[in-house]
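Listed below are the residues making up each chain.
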Amino acid sequence: MAKEECISQRNKTAGDTSALRNRKVFPSSEKTPSSPLSKGTHSQTAGHHSEDDAQSSNGTSAQCSTRGNNSEEPPSRVLLMLVVGLSFSTRLYKIADPPHVCWDETHFGKMGSYYINRTFFFDVHPPLGKMLIGLAGYMTGYDGTFPFVKPGDKYEHHNYWGMRGFCAVLGSCLPVFAYLIVLELSQSHTAALITATLLIFDTGSITISQYILLDPILMFFIMAAVLSMVKFNQQRYRPFSATWWLWLVLTGVSLAGALGVKFVGLFVILLVGLNTVWDLWRLLGDLSLSLVDITKHLLARVVGLILLPLLLYITIFAIHFVVLNKSGPGDGFFSSAFQSRLIGNNLHNASMPEYLAYGSTITVKNLRIAGGYLHSHWHLYPEGVGAKQQQVTAYLHKDYNNLWLVQRHGENESQSGTPDLVRHGDIIRLEHKETTRNLHTHLHEAPLTKKHFQVTGYGINGTGDINDLWQVEVCGGQKGDLVKVLRSKVRFLHRATGCVLYSSGKTLPKWGWEQVEVTCSPYLKETPSSQWNIEDHINPKLPNISLSVLKPHFLEILLESHIVMIRGNSGLKPKDNEMNSKPWHWPINYQGLRFSGVNDTDYRVYLLGNPVVWWINLASLGLYVIMVAVASVALQRGFSLGQKRIEDSHVLMREGGQLFLGWLLHYAPFYTMGRVLYYHHYFPAMLFNSMLTGITLDVLLKSADLLLRRPYSDWLQRVGLMVLLFSVLYSFYLFHPLSYGMTGPLAHEAGSAMAGLKWMDSWEF
Amino acid sequence: MMLQLPLVVTAQVDLVLLLVSLLALWTRLSRLSYPNAVVFDEVYYGQFVSLYMKRVFFIDDSGPPLGHLILAFGAYLGGFDGNFVWNRIGAEYPSSVSVWSLRLLPALCGALCVPLVYLLTLELRFSHLSALGAALLLLLENSLIVQSRFMLLESVLIFFVLLAFFSYLRFHNTPSSCFRYGWLILSGASCAAAVGVKYMGVFSYLLLLGVASLHTWNLIGDRGVSHLSVCVQCVCRVVCLLVVPVLLYVFWFYVHLSLLHRSGPHDQLMSSAFQASLEGGLSRITQGQPLEVAYGSQVTLRSSASQPVPCWLHSHKANYPIRYENGRGSSHQQQVTCYPFKDVNNWWIIKDPGRQELVVSSPPRPVRHGDVIQLVHGMTSRFLNSHDVAAPMSPHAQEVSGYIDFNVSMPTQNLWRVDISNREAESESWKTILSDVRLVHVNTSAVLRMTGVSLPDWGFRQLEVVADKLFKAQSSSLDWTVEEHRYGTSQEQKEREAELHSPTHIDVNRKISFWAKFLEVQWKMLTVKQEDSEHKYSSSPLEWITMETNIAYWLHSSTNAQIHLIGNPVSWGVANLSLLAYQLLAAVYLLRRRRGFKDLPDGVWSQFVCLGCVCVGGWVVNFVPFFLMEKTLFLYHYLPALCYLHLLSPALLEHTHTHLLRYVHTHTHTHTHTHCILSLSC
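Quick note, the sequences are listed as chains A and B, same order.
Residue numbers 1 to 765, in UniProt numbering, belong to the letters of the first sequence in order.
Residue numbers 1 to 682, in UniProt numbering, belong to the letters of the second sequence in order.
Chain A with its partners taken away, still in its complex shape (with noise of 0.2 Å):
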């Protein structure tokens, strides 16, 4: 564990000659690999510290060894088995009550159907949680027919308890993996006891477990990234060695296990990724090693942490696309060609017309990815937004409302049996098939992007005015060319005012149903969102030929699914009714989340930290500030500390510094995010803050020496971890009804069991 960080300040006025010095030493202490790390001269001059510099990746393997026979030693063992033990058992403890769904299953329980039906659907997240969920669904002996239509709705003979326990056993993974990570950044088990034991007795982090929710699966994950990254860097001193090479590749699979879950899953692999670019930054700097070595290292991370990762993070979805081939809710999402490829979609082994005839009735797709189908309803512009006519829109879902009819421009249909074709340069009408009103626009702006023209539905029964004409334009075309259905590329060049049908991609306001703006747009530069396809083709007078669609790239639909992701995310902006969660109130456990019931004759569970938990680790985050504030200083001023104190600094200040990256980089995120948050986002920063708090709150019970004279200090520090452990324990057996269930009057209520604890008004149980 190298001493060079606070080295390097000096180093830079230590000049040339440290660096030299760092040579020439270095060989000789490459001859006493042992040198004890305990000689104490971790000290004031400069010349001292580049001896220290140079040795310090010898001497602390030797340290690494020596604790390493530590961890070995029987009582960390018991500690672990009693870990392991409280964890699983506090996790599936009645793990298959209520026997109904709770809020989010309705969810992520109905995906995991998808994958035993082969059904494909649309979810923000990436598969892979879900694809467990139906693994797990499908190893227990779950069928996938039950319909998850609702919270409350009863199981009955389904076998639900599978999926839950597969999410619950790895929830009760994430005390034991925060166990092990704090014991080995710190090597203190009573900071790693902290650790455990905030996390097994937290109502929320038992609470989240238990429910088939993708949370457990993207923490566990998460903390497995965090632990074998430690584990790797553990491994610092024997780079390229079997175990080397397998934590850095389980770090790998942690990283993409944790992306494909959730797109949370990035910020671990920012904070993987900093700190790999630091161990470089180390490691570049240790002259020792030559530029080839370095060359090496560089390689094997860039494999192990990026490729790899990337690999099987396709790898997750390339299952997915094949496993879901059926058609089913999510269809609208996707481009035509990409919908081509499901069987039971009515693009799937399509036949229809094979060109534009007057007198069809289509649909009509954007071009753009997770672009809508030109859409009209009974419902007017209101007030003040254009004109006061009807809406036209684009939109995501099959719907009859997406049919429009295409009408010749002046005379009605030819007398002829065969309808005539539409050709490239033709002017048509488009006429809305179930209000009859015809796609119009006019001088008015849009309601969203006001430098665009707002389009309507106008007229009634196909007698409107100028504006309701539209000149076809096949992309790439010439004058007379037809319109293929599905392969060409059109755009509606508006007659008028020459202006092209657009679709901004912006949600509309309520009263637009939250569909996405269609515009007419002066601007005529050919992108994908004036581009349109004609999807659906009926027209009984034509002959239907078989099409053979181009099927799509794997990338390609790689590409696209990620980009409906991205923008079904933000789109989810809070409502204006709903209850909307502030980050800020996640840390101070402000308001929880109800799981199930409401009234006092429902069975309740209620989403909610314990408080003494999470005020302990609110309190230690400052705490921590604090303190390495004043150790830092301590040690820049280069007071005189003993031995042990410089080395619980330095663990301080580094192996907690990367648990607050890890707090901060999960958290601070969510400032900046417009879409709707929820209590539960703030879980995996929780895990790091309780890492944090074990390691915090053991360097303080360590610091008890400042205050008194030996046995007394160790007195103090024991009865300290005593009283802490028992506050934890004794309000978990306070707090429990809130993860096992509760029946009977609400708290506020005499008679309630959770009589007396409702601390916070905000909390709702």
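The hints are simulated quantities; they were obtained by calculation from the structure and are not laboratory data.
Computed from a predicted model, the values in this text were never measured in an experiment.
Be aware that a few hints might be false.
Stated by the list, open to error - Listed next, the stretches of chain B that the computed footprint assigns to chain A, with coverage defined by at least 3 CB atoms under 8 Å from CB atoms of chain A: (1) 214 to 224; (2) 589 to 602.
Claimed, not checked - Rough simulated footprint, nothing fancy, chain B against chain A, three-plus residues with beta-carbon under 8 Å: (3) 278 to 287; (4) 630 to 638.
Claimed, not checked - Derived CB-CB ranges, DEER-like: (5) Lys524/B to Leu725/A: 45 to 51 Å; (6) His562/A to His215/B: 42 to 48 Å; (7) Ile563/A to Ser258/B: 50 to 56 Å; (8) Met629/B to Lys541/A: 54 to 60 Å; (9) Tyr76/B to Ile563/A: 53 to 59 Å.
Where is the CB? At the ideal position from N, CA and C, for every residue including glycine.
Chain A is fixed; fit chain B onto it per the hints.
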């Protein structure tokens, strides 16, 4: 690398600095009052300047008050009285407005930036030649010139930011003496000023704090200094860079709040207690007022449109001129306008056409949707009237007047139907504040409407009110709400006048502490959301780097003379290039140093790092945050970031010249260096 011949050099330096300053003053100040019309955002800042002149309280979410205060100070010096309606870009200033003084302070700040950059480069320990280069780059940057020459705030912000960095570095470079803390205080004060002008200044302030804490950290690590001395120095720095700016920042608000003591258009955003502290404020609060408007109610009617300014239906003892300037005739009846300030002439009495009384009967008879009423002006007792006479400024619409019978066969048409447009959401009966009401003229079915056009001098520049056919107008300008309301009790005209003059109800607790006011105003500024409007010239941050966008600031309607904000493409290119070059160089140096190759002596290295911290860091903190912002962005937001790059370019050139090309013969070198810098600048 200094110039040779020390004595001559010193003399030269002063001259160069002087020359550069003079040039800067010339480019920024010459023909300052041209064009004599409202240019771009002057229309926005101008309204606040007017409000300062009238001492009317307002809230602007775009930034803290210091910027507006500075502009208002300029206006004050020029004797501006605030009587100008800032309603459109390109409107000509009347001769009574001293345009020169309105624009003077921003232009001065813009001009002073040039010598500041010169000095700042010196403080970064680069040569006079580089300093000259930086100054020239800034001097000849036409976007900065344009931005400085009008009543806008960017140049003021840039000035304070540069001043803060200059004085901090001067502090850092001066050997210890008590005097150097003067520079530190100046630095803290300029930081406060920068933050006080625009919130963007916060990022530069944070950067400066970062640099300062790095220096302080090194000081703490200096074992040669005694503990006591370290403590004292740390405390001094904290006081100068943290305490002083915070206090000054609060002070700007103190000045702001003590200047603005009259109630105004933004009152309703504030709490009742706050409104109570404003002159003529409190009365508009619902509390204590009767809720339902009844026959005999005394009301003020506020237009729901807040463009260009919120205003109240108003009338006064002055008639429409018999003939307008363009020869059209009027009814010569009493003017009815919309007036943006509280006034006793804003009171109207609701009268039942079937009865004579102007008092509320008991029990009160509430007015409901669809009822027909008459409106009587409280002070003059004229009836609100409309007829088929063209309105003064909008001839397509009907004139609205206070009816005077001139016996010219122009009968009264003073019946109005109450049409509550939000009756679904609210109720069928007319409620104070809550109901949006349209007043439909019974005879012509035209609707009472505020057009937003201001009347000429005969109308005291108040806003025009007309009656218009329903379909043409934007909906909000048709709606009126009752704001102040009381049940009238006096039948006699004299008593009624006295009643109207009295406040609507007794003041509760006028006293509210400055801190409470400060916190409330600050909180409101940060939370009030302006509706996001896409602007014709708005742009995205990425377009700024490549300068793909410009802004037309002003266009003369007849001569087609124009002013555009667009950067100097050469200096823009140089700036981008040097930004890239610095990053590349820094990466190479860092990697090589890590491997033990010290390309630069330590002094030079720290100079190089300092340059990067200030210039590249300054660019980053003034540019990257825009990506996270959801407000409408314009090219001029990039100007502060650009200044940092102009600071960087010559310094980097000098660095390259002295340290990378050191093997080339010195003589030819100085030459090429000079050439490079000069050619770049020109």
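**OP:** Output the numbers, in ascending order, of every earlier hint that fails for this structure.
**Re:** none
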